[in-house]
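Following the hints, position chain L against chain P.
Letter by letter, the chains look like this.
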Amino acid sequence: MAATKIRWGDTLDEDDSLPTNTIIGPDKQGVKIITTYKKNDKGETVKVVTKTRVSRVQRKIFDVAAERKSRLRRFGEATKEQAGDSVTVQQAEDIPFERVQKTRQTTEEKRAEKEDLRSALQGSDKSAVVGSLRDMLYRRRMERQLALARGQIAAPERPPDEDSDASTLPQAGSKPGGYVPPSRRAGATMSDGDSMRRREENSVRVTNLSEDTREDDLRELFSPFGPISRIYIAYDRETGESRGFAFVNFVHREDAARAVAKLDGHGYDNLILRVEFAAPRAERA
Amino acid sequence: MRPYLLKGHERPLTQLKYNREGDLLFSCAKDHHPTLWFSEDGARIGTYIGHNGAVNTCDVSMDSTRLLTGSSDSSAKLWEVETGRNVFTFKYKAPCRAVSFSIDEQLAALSTDPFMTTTPVINIVRISEDPSEQSDEPVQRLTGFSKKINRVTFTDLNTVLISAGEDGIVRRWDVETGKVKEEAQLHDKEIRDMQLYMDGTHMVTASVDKMVKLVDTQTLEVLKSFNTDRPANAAALSPIFDQVLIGGGQDAADVTTTSDRAGGFQSRFIHKIFMEEIGSVRGHFGPINAVAFRPDGRSFATGGEDGYIRINHFDNDYLSGRFL
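If you read the sequences in order, they're chains P and L.
For the first sequence, full-length UniProt numbering gives the first residue as 1, with consecutive numbering after it.
For the second sequence, full-length UniProt numbering gives the first residue as 1, with consecutive numbering after it.
Just chain P, same shape as in the assembly (with noise of 0.2 Å):
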C-alpha cells in the first residue's frame, strides 16, 4: 500500500469528535462546574475543568432611572470616548471604611480604674453576681486583675507596652532594647521544642460554628481567657465559605483549660457551640 495513502485507522482517529461540553450545577452552594474538552497543538484531547461560584446580586431601582438607562444615548465629549480612554475605573484596592479608635487610656485612668474595681470587689458576694457569660468572663478578668494587685498570682507574660516601666523590659541581650527571641527572655525556661508541643496542647477545637463567624469575632469570644497566638478558620476551597470549625491557639494551657469549661455548650449566634481541646497531630493521623 502506498505510504501516502490515508490508513482507514488514521482517519477515524482524526475525525473523533471531541466529547461535548457538560455545564453542572449551579448547585445550593452555588458552585458550577464547566468541563471543555479541546485539542492542543500535539493534537491530543485536553479536558478542562472550570469550578466558579455563582451569586446573585438583587438590586432595587426606580422604574423611572431603568427606562432612563435604556433610553439615554451619549452625548458631548463622551461621543468621542475610545475604548482605551478609562474615564471610568475601578479601583483594584479596597478602599476600607476607616473606624476610629477610640484613644487610649492615659496611665492614670487606668489606676482610677483599679481602685474602683478593688473597692467594689470588696463587698461583693460572688455568688449573687449572676449574668451573661460576657459578665461573667468580664469579672474573671477583674478578678484575676485583682489578684495580680495583691501579688497572689504572678503577672502573665504580654509585651512591652509604653504604660509599663522602663527597667521591667527583657535584658537579656548584650545591647539594652535590642531584640531578645522569646525563648531567651527572663521567664523562659522551657527549650524550642518543649515550646513547640506545648503550644499544640494550648490548641482549642471549636465546631458548630456559624458560616459568619470571622476571626475578629473568635477574638473577641476567646480573648477574655488570655493571650491568643493563633486563629485559624477553615474555609471551604471551593466556595469561600466557612466550614464551621476553627482552631484557637493559646499561649497558656490555664487559659486554653477556663475556655474549654467555658464556652463548650454556649450558645453562639443561634447555634451551640463545642469547644474542646484538639487532639494532637499523632492521634488525629
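Derived from the structure by calculation, the hints contain no laboratory data.
Hints should not be assumed to be uniformly reliable.
Under the rule of at most 25 Å between Cα atoms (straight-line distance), these lysine-lysine pairs were calculated in the BS3-like manner [as the list claims (entries may be wrong)]:
no., chain 1, residue 1, chain 2, residue 2
1, L, K147, L, K93
2, L, K7, P, K80
3, P, K60, L, K17
4, P, K69, L, K17
5, P, K69, L, K7
Relative to chain P, chain L alone:
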C-alpha cells in the same frame, strides 16, 4: 469598598449633585464642561459643551429633564439633561457663583460675584415651561452683599431663600419683598458649602474656619457644631443615618509641603448628634471640594482638587449599622 474613579475633568471639581432618583450624577469643575455620569458604575453619559469659564455650580430639576449651571464666564445656562442641548443662556456682568431651582421649578435663583464695580446680587428669575419663552429678566433682585455668595437654596414653600457666602453670614430672604428676614454670623471665615437635609428642617454648613455646623433652617439657630481641624470645603447629611459627611483638607496651596495622610484628605463621617467622628474613607490626593450622598444613602461621591470624582458604594457592614 472598591470605588469608581471618574477622570473626566482636568481641573478641580466644584460641585457634585445627584438627581432625585439617584441614578444620575452631575459634576461641575473648573474646566468648562459639566458632566453627566451614571451613579451606579460611573460610566460617562455626556458633557454639556458651551461654557467658556470655570463652572462653579449646578442644579437639576426634580424630573431630571433640565440642568442649570453657573459659570465664571459671567453666564448661567439651562440645558436639556438627556441630550446636552443648551436651551437658554442667562448673561450677567459678573461670574455666576450659585444657582438653585425653586421647589416647584417655576423660579430659579442665580447669584453673581463682586466684579469690577458691580456688587454681588441674587437674581430670581422665572423659569418658563417653554424654553423659547424664557427671559433673563429677574423678577426679584436681592442686594446688599459685599462678598460673594457661594450657596443659595429655596425653603418654606419658596417664600424664603437662604444664602451663604464668603462673609460667613447665612441670611434668610423674603423672596416676595426682597428683604432680609433673619441673618446670623455662623462662621468666622468663608462658607464653602451648605446642604439641606432631605426633609428641609435643618442644613449643614462647611467653612474654611474649620467648623462644620448643623443649622435649623427656620431660625438659623446652630444645633451642633464640629471642629474638623482642617478647612472644610463640603459637607452633606446622610439620608438614612445620623451622619455628616465632611470633605476638605489643607488649602491647595500648602498641599505639596505635607503628605497625603497629614493633609487630611479623607472623607470623614461624623455622628450628627454625639458629634463624634465615626470613621473616614481615604482616596483623594488633594483637598475634597465637593461631596454628595446618593438619595438612598447607600453610596456617596466626592470630588477633589485633584480632578477626580470618586463614587463609593458602601459595604454591607456599614449599611447594617455596625458603625453606629
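- Compare the distance between the alpha carbons of K69(P) and K17(L) with 25 Å, and conclude whether the hinted pair is satisfied. holds (18 Å)
- Keeping to a limit of 25 Å between CA atoms, is the pair of K147(L) and K93(L) held or broken? Given that 25 Å is the threshold and the Cα spacing comes to 16 Å, the pair holds.
- Is the straight-line distance between the alpha-carbon of K7(L) and that of K80(P) 25 Å or less? holds (15 Å)
- Item | Hint consistency between K69(P) and K7(L) [alpha-carbon to alpha-carbon, up to 25 Å] | holds (21 Å)
- Hey, K60(P) versus K17(L), does the alpha-carbon distance stay inside 25 Å? holds (21 Å)
In the structure shown, no violation is registered for any of the earlier numbered hints.
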